[in-house]
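Full structure from sequences and hints, please.
2 protein chains.
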Amino acid sequence: MRALVYNNELQYLTDYPVPRPKHDEALIRTTHAGICNTDIEITKGYMGFKGVLGHEFVGVVEKCVDKSFLGKRVVAEINLGCGKCACCRNQMRNHCSDRSVLGILNKDGAFAEYVTLPVRNLHKIPNSITDEEAVFVEPLAAAYEIIGQVGISSSDRVCVLGDGKLGLLVAQVIESAGCKLSAIGRHREKLSILDEIGINTGLSPEFREREFDIVIDCTGSPSGIRTALRIVKPRGRIVLKTTIANKVQIDMNQFVINEISLIGSRCGPFQPAIKAIRSRQIDLYPLISNVYPIEEGLKAFQHASLKSALKVILKIN
Amino acid sequence: MRALVYNNELQYLTDYPVPRPKHDEALIRTTHAGICNTDIEITKGYMGFKGVLGHEFVGVVEKCVDKSFLGKRVVAEINLGCGKCACCRNQMRNHCSDRSVLGILNKDGAFAEYVTLPVRNLHKIPNSITDEEAVFVEPLAAAYEIIGQVGISSSDRVCVLGDGKLGLLVAQVIESAGCKLSAIGRHREKLSILDEIGINTGLSPEFREREFDIVIDCTGSPSGIRTALRIVKPRGRIVLKTTIANKVQIDMNQFVINEISLIGSRCGPFQPAIKAIRSRQIDLYPLISNVYPIEEGLKAFQHASLKSALKVILKIN
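Top to bottom, those sequences are chains A and B. For the first sequence, this note's numbering assigns the number 1 to the initial residue and increments by one for each residue that follows. For the second sequence, this note's numbering assigns the number 1 to the initial residue and increments by one for each residue that follows.
Hints may be right or wrong, so weigh each one.
No copy is singled out in the list; a pair is fine if it fits within one copy or between any two copies.
Straight line, CA to CA, 30 Å or less: simulated DSSO-like cross-link-like pairs of lysine-lysine [to be verified]:
no.	residue 1	residue 2
1	K67	K44
2	K67	K275
3	K180	K84
4	K67	K315
5	K315	K124
6	K124	K63
7	K44	K247
8	K275	K72
9	K124	K44
10	K180	K275
11	K315	K247
12	K44	K307
13	K22	K67
14	K247	K72
15	K84	K124
16	K307	K72
It should be emphasised that the hints constitute simulated quantities derived from the structure, not laboratory data.
The following block contains the structure:
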């Protein structure tokens, strides 16, 4: 089958073997998939992953023990837990130490004609949601994870730092929580998407020290945490969404002296994300930079790596 | 007056000028003071401080506008806020951006015959508490800060990491909160102080990965945060007490991937600390390594810098 494979370099292959579903897995014919910053970081060495990339996708179930899924359009949660350990038994399957992660850790991803995943990971997609919109469910769920982790009150001054794909999603989700939100980035044209829907935006030089109760780092850059430490109030909270391939030099004293809390945040709940897209709470089409056929996958990655790019989508089937 | 002064090197001086109290300040004749790891870090460049060191002390008030303090033994909170800013007005004087900090930032400290401090910073010490015990009020208050910041439940597995002065205080305070506590360090003889009072202890090699709900880093070492990231459970919490002169290289991805929270923790409330000492909840004498007259201050610092040392106290008047 056709697939985008990372093996010390990114390759477009046409003869990659079709995956065979295990007894609890569905075989899904992938229709569209989105390129995430994590995919780009993997091509720089992050996670040491080798195999088919891709974890944001929508597809149609072709084989499945649960017949109710046959022929249905689905998206899928990307963590595959062992099902037996304390994490898995306590609704923390995403944190199973023995897990694999779609296109990130020990599991071929979705930039291919077919992908397999456990039935319990699947979520059906209503007809009112297009394929292009559906590829946003996984990153949008990651944005909703913040809402579950951090109590945000209407009086909180919140800053979303970073105007990339994730930052623009997170800003829209946080806006719906009701608070004093500012989205700060470095690209006027990206921030204008938020301006359109009435979110207060600013460029980096407009930073003010110790201004925000909560800062959410979606920069995808090592400088993000340092900026966050500067603009958060004493006893404030920083939510960290950024993952990067390299270690970062940090003055940890700032956390102690200013009694800052840092909250790491990864994957999130799919149902609020699907509901938000269905009810048009989140505006996704302005976030799409381009759609490429999988045959042009290398070109699509080049596009996605540009600073000016937002979501680049692969059309696969 | 006699004083221990840091000015690119630590010096014992006999002709340092006696400080003159401002209108809202008391003049305190220092009797005893404790050497803290922060003092030692300052002599390595931390905070870039120059002046009289020392922030853990007890003394007798000689001059004061509030006559009720005259002749009384006192300890004192070490942060001096501006009194006007949002932090100061919202009971966060410790976080005033314009503050000075006794013996740490823009304010001569207590390793001297006299020290001045605002009256609002003073706490009277009951007669049942000795001078040697009273110098522990400030670091013990820093241990109580954790209780206010982090809700600890009886089912939580908590690890206090580090068996130095602060670690031994923190372990005793956390024990009193009621939880499944382990204190892990590198010095059998220091940990034995905790063994004596029935706290479960262990040496470093006994670490187990992903075991603890809460890890409190009191190591005073850059390796502490890295160890904490290894032994904390996914979605667990790390309390950071360690301040060190240099930046640390950290794999911040671990916070994101395992959704760890980090909570920086600094100075704390004095009253619970005074109450705990008065009621003999905390056993302090085993934590005293030696008492030196201030004339032997350089020797006292050398002793306090030894890995085997616990609290070294200066007798000043």
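These are the hints, each one checked on the structure:
Proximity of K67 and K44 under a CA criterion of 30 Å is satisfied in neither setting, with 40 Å inside one chain copy and 68 Å between copies. Only within a single protomer do K67 and K275 lie at most 30 Å apart by alpha-carbon distance; the minimum there is 24 Å, versus 66 Å between protomers. Within a single copy, K180 and K84 get their C-alpha atoms only as close as 42 Å, which misses the 30 Å cut-off; across copies the closest is 24 Å, which meets it. Taking the shortest alpha-carbon separations for K67 and K315, only the intra-copy value of 26 Å comes in at or below 30 Å, while the best inter-copy value is 81 Å.
Taking the shortest alpha-carbon separations for K315 and K124, only the intra-copy value of 19 Å comes in at or below 30 Å, while the best inter-copy value is 73 Å. Taking CA atoms no more than 30 Å apart as the test, K124 paired with K63 passes inside one copy only; the shortest distance there is 15 Å, against 76 Å between copies. In this assembly of identical chains, the alpha carbons of K44 and K247 lie at most 30 Å apart whether taken from the same copy (13 Å) or from different copies (25 Å). In this assembly of identical chains, the alpha carbons of K275 and K72 lie at most 30 Å apart only when taken from the same copy (18 Å versus 66 Å across copies).
Proximity of K124 to K44 under the C-alpha cut-off of 30 Å is found in neither arrangement, the shortest distances being 33 Å within a copy and 60 Å between copies. Proximity of K180 and K275 under a CA criterion of 30 Å is satisfied intra-copy only: 24 Å inside one chain copy versus 41 Å between copies. Taking identical chains as interchangeable, the C-alpha atoms of K315 and K247 are never at most 30 Å apart, the minima being 34 Å within one chain and 45 Å between chains. For the homomeric pair K44 and K307, the shortest alpha-carbon distance inside one copy (16 Å) is at most 30 Å, but the shortest distance between copies (41 Å) is not.
For the identical chains of this complex, K22 and K67 are intra-copy neighbours only, at 15 Å inside a copy versus 81 Å across copies, given an alpha-carbon limit of 30 Å. For a Cα distance limit of 30 Å, the shortest separation of K247 from K72 qualifies neither inside one copy, at 42 Å, nor across copies, at 52 Å. For a Cα distance limit of 30 Å, the shortest separation of K84 from K124 inside one copy, 25 Å, qualifies, whereas the shortest one across copies, 56 Å, does not. Taking CA atoms no more than 30 Å apart as the test, K307 paired with K72 passes in neither setting, with 36 Å inside one copy and 65 Å between copies.
Going through the hint list in order, the structure does not satisfy hints 1, 9, 11, 14 and 16.
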